[in-house]
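All chains, please: the whole structure from these sequences, using the hints.
Okay, here's what each chain looks like letter by letter:
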Amino acid sequence: MSQSPAQVVGMGTVLDHVRTPQEVALPHVVEFRNVTKTYNAGKADEFTAIRDVTFVVEDVVGKGEFICVLGPSGCGKSTILRSIAGLEPQHPATSGEVLVLGQPVVGPGSDRGMVFQDYTSFDHRTVLENVTFGLECLHTPRRQRDELGREWIHKMGLNVATDAHKYPHELSGGMRQRVAIARTLILKPRIILMDEPFGALDPLTRLNMQDLLVKLWKEVQATVFFITHSIEEAVFLGDRVYLMSNSPGTILEELKIEPATSSANEMQRQPKFLEAVYYIRDKITKLESNQ
Amino acid sequence: MNSSFLDRLLRNWLTLRRPVSRLQAIGLGVACILLCLTGWWLLTQGAAESRLVGPLTLPSPAETFSKFSELWNDFALTRNVLVTLRRVSIGFALALMIGIPIGVTAGCFPRIHAFLSPLIMIGRNVPLAAVLPLMIFIFGAGEKNKVMFIFVASVAFVISDAARAIMDVSARYIDTAYTLGASRWQTISKVLVPLAAPTIFSACRQMFGLAFGYIMLAESIKIADEVGGLGYQIQIFQRRGFREHIYLIILVIPMVALVIDQVLAWIQRQLFPHLYGGDGMLRSLVRITVIPWESLKSLIFYRTPVSLSSAATEERPK
Ligand SMILES: Nc1ncnc2c1ncn2[C@@H]1O[C@H](COP(=O)(O)OP(=O)(O)OP(=O)(O)O)[C@@H](O)[C@H]1O
Ligand SMILES: [Mg+2]
Numbered sequence: 001m002s003q004s005p006a007q008v009v010g011m012g013t014v015l016d017h018v019r020t021p022q023e024v025a026l027p028h029v030v031e032f033r034n035v036t037k038t039y040n041a042g043k044a045d046e047f048t049a050i051r052d053v054t055f056v057v058e059d060v061v062g063k064g065e066f067i068c069v070l071g072p073s074g075c076g077k078s079t080i081l082r083s084i085a086g087l088e089p090q091h092p093a094t095s096g097e098v099l100v101l102g103q104p105v106v107g108p109g110s111d112r113g114m115v116f117q118d119y120t121s122f123d124h125r126t127v128l129e130n131v132t133f134g135l136e137c138l139h140t141p142r143r144q145r146d147e148l149g150r151e152w153i154h155k156m157g158l159n160v161a162t163d164a165h166k167y168p169h170e171l172s173g174g175m176r177q178r179v180a181i182a183r184t185l186i187l188k189p190r191i192i193l194m195d196e197p198f199g200a201l202d203p204l205t206r207l208n209m210q211d212l213l214v215k216l217w218k219e220v221q222a223t224v225f226f227i228t229h230s231i232e233e234a235v236f237l238g239d240r241v242y243l244m245s246n247s248p249g250t251i252l253e254e255l256k257i258e259p260a261t262s263s264a265n266e267m268q269r270q271p272k273f274l275e276a277v278y279y280i281r282d283k284i285t286k287l288e289s290n291q
Numbered sequence: 001m002n003s004s005f006l007d008r009l010l011r012n013w014l015t016l017r018r019p020v021s022r023l024q025a026i027g028l029g030v031a032c033i034l035l036c037l038t039g040w041w042l043l044t045q046g047a048a049e050s051r052l053v054g055p056l057t058l059p060s061p062a063e064t065f066s067k068f069s070e071l072w073n074d075f076a077l078t079r080n081v082l083v084t085l086r087r088v089s090i091g092f093a094l095a096l097m098i099g100i101p102i103g104v105t106a107g108c109f110p111r112i113h114a115f116l117s118p119l120i121m122i123g124r125n126v127p128l129a130a131v132l133p134l135m136i137f138i139f140g141a142g143e144k145n146k147v148m149f150i151f152v153a154s155v156a157f158v159i160s161d162a163a164r165a166i167m168d169v170s171a172r173y174i175d176t177a178y179t180l181g182a183s184r185w186q187t188i189s190k191v192l193v194p195l196a197a198p199t200i201f202s203a204c205r206q207m208f209g210l211a212f213g214y215i216m217l218a219e220s221i222k223i224a225d226e227v228g229g230l231g232y233q234i235q236i237f238q239r240r241g242f243r244e245h246i247y248l249i250i251l252v253i254p255m256v257a258l259v260i261d262q263v264l265a266w267i268q269r270q271l272f273p274h275l276y277g278g279d280g281m282l283r284s285l286v287r288i289t290v291i292p293w294e295s296l297k298s299l300i301f302y303r304t305p306v307s308l309s310s311a312a313t314e315e316r317p318k
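Chain order of the listed sequences is A and B.
Sequential numbering of the first sequence, starting at 1, is according to my numbering.
Sequential numbering of the second sequence, starting at 1, is according to my numbering.
Treat the hints with caution; some may be incorrect.
Unchecked claim - Listed below are several chain A residues computed to face chain B (Cβ distance under 7 Å; list not exhaustive):
1. P104
2. P108
3. S110
4. G113
5. H124
6. F133
7. H139
8. Y167
Please keep in mind that the hints were generated in silico from the structure rather than gathered at the bench.
Glycine included, each C-beta is placed from N, C-alpha and C at the ideal position.
Structure below.
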């Protein structure tokens, strides 16, 4: 890949190449080594979703990094995320290695929490029971987990008194997604995987959720993988942005982004924020027209 | 003017899937019953010879209902209903107790499903007319053959419906449970089964109605001793030519079925408040009974969750 050396675009810096595991000195939280995933391998409808994907996320001391993944639809973003989670059929990879904290991923676990785009609240459980599901699986005594559950319901901006005993179908989409996030964060996972979690929310709710997420992320100190179609969202939230190419997907560019200094709504008016956004938008437009 | 009135009426009454108020629903049902009764009365009014339908085919409403006290007293209607209900309940309960665990297992593990599918196939298509004599050969003339008949007639359906319900739970719930740290067993018991339970319950509620019909078939086979039950009674009335009684039984059975179905519907509402609203009395009851068991497990298995300790930060490689 011949690209010009590191280029500054507003808040972002485009690295001259996507870093490989060998170049990064700090411990690796997540690394992909030449990962290829072919669905239905060997059958008539075999399809290679990602090819030869290599990247590394380092363990920044004292805080996890916030990684955003952008790319055209169908380029394999969810495939990468679900491989990290260890979920079938994305796991296991057809070839290459997926490592988390230096260990190969063998299956799903609560150290890698996941928030999905479509609401996956357990419909038969109340908000509180949803939030404390993971603790219940750890056999945490009821009183202790209910207490923690209420704390998290409150942190997510829900009303403990009125909402804790509602069922998911009584909640709006935004509230359900808050429950899903609380349910994941309460377990303090080392890695949080989010697949377009705000995709179905209206723009205003979305901005509020972004601010909330930043606040909570700082608190739990996890490495976040965040897939989104919104470039603004990626630039606001991300410490790093991965740009993916068309399928079979690879990571085309890695951008380092300056941390945001104010709320989502305010950041999105600043010229250097916009400069980064426009740069990425042009890239993606070009990618999509090449499809 | 006239057409617009008709138009409006049709629009109002026949709007696609517009919900009906409870009062109106009952009113419409009663109207249907009255209409049928009137038709029945018209067909059978007047002297026996001048009726549109002869009394041998269809007795008049008055003739029929006048036999009710006889049916109730001399033919011990309540006792027979209870005998029939007991048989079908035991047989069906047995089918649920064996069928649901097998069905759930088959739904969770496709290999087990594949292994069992020939048996399920045979069970679902077994000719009931052939099962009946077999049950009598195997279990003799007593109660057992009837109970087992109901069991055999319904168990395969219970298994396949339970399996289907589990398989229909969206995979994303399993993914979610796994990423929250649930084990396979926890995913089955805390996610798959509770999410499939309403579907399984509905299916079983319908099947109970069918089983209630089957049992009368089993009861109508005459074996040496007196067996009792509605099917047996119908058999007697047939031999004696008691048309009125048979018509009455035909009217009584749906009412019994209705009462049972309403009870089941109530249970369903109380078990699954997330689908039917309400305060979920039975659900709370179930949960209360689980709490001691759960606390016991907490005592044994409790590991300090990372969220309560500083493990999350300690674990980080420096
Ligand atoms: N289970 C599967 N079996 C076969 N093909 C699949 C499967 N899952 C995904 N694919 C294919 O792999 C490609 C990448 O899918 P993936 O879901 O990773 O894309 P994505 O980048 O998340 O897209 P989007 O932005 O639309 O969510 C798509 O073309 C899709 O059709
Ligand atoms: Mg996707």
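Cut-off 7 Å, beta-carbon criterion: hint that S110 of chain A touches chain B:
Holds, about 3 Å.
Report holds or violated for the interface hint on P104 of chain A, using the least CB-CB distance to chain B and a cut-off of 7 Å.
Given a least distance of 17 Å, the restraint on P104 of chain A is violated.
Does the closest beta carbon of chain B sit nearer than 7 Å to the beta carbon of G113 of chain A?
Holds. Min distance 6 Å.
Quick check on the hint: P108 of chain A CB to chain B CB, less than 7 Å?
holds, 4 Å
Close enough to count: is the Cβ of Y167 of chain A nearer than 7 Å to one in chain B?
Nearest chain B Cβ about 4 Å off; hint holds.
Report holds or violated for the interface hint on H139 of chain A, using the least CB-CB distance to chain B and a cut-off of 7 Å.
holds, 4 Å
For the restraint on H124 of chain A, tell me whether the closest CB of chain B is nearer than 7 Å.
holds, 5 Å
Grab the minimum C-beta distance from F133 of chain A to chain B and call the hint holds if it beats 7 Å, violated otherwise.
holds, 5 Å
In the structure shown, a violation is registered for the earlier hint numbered 1 alone.
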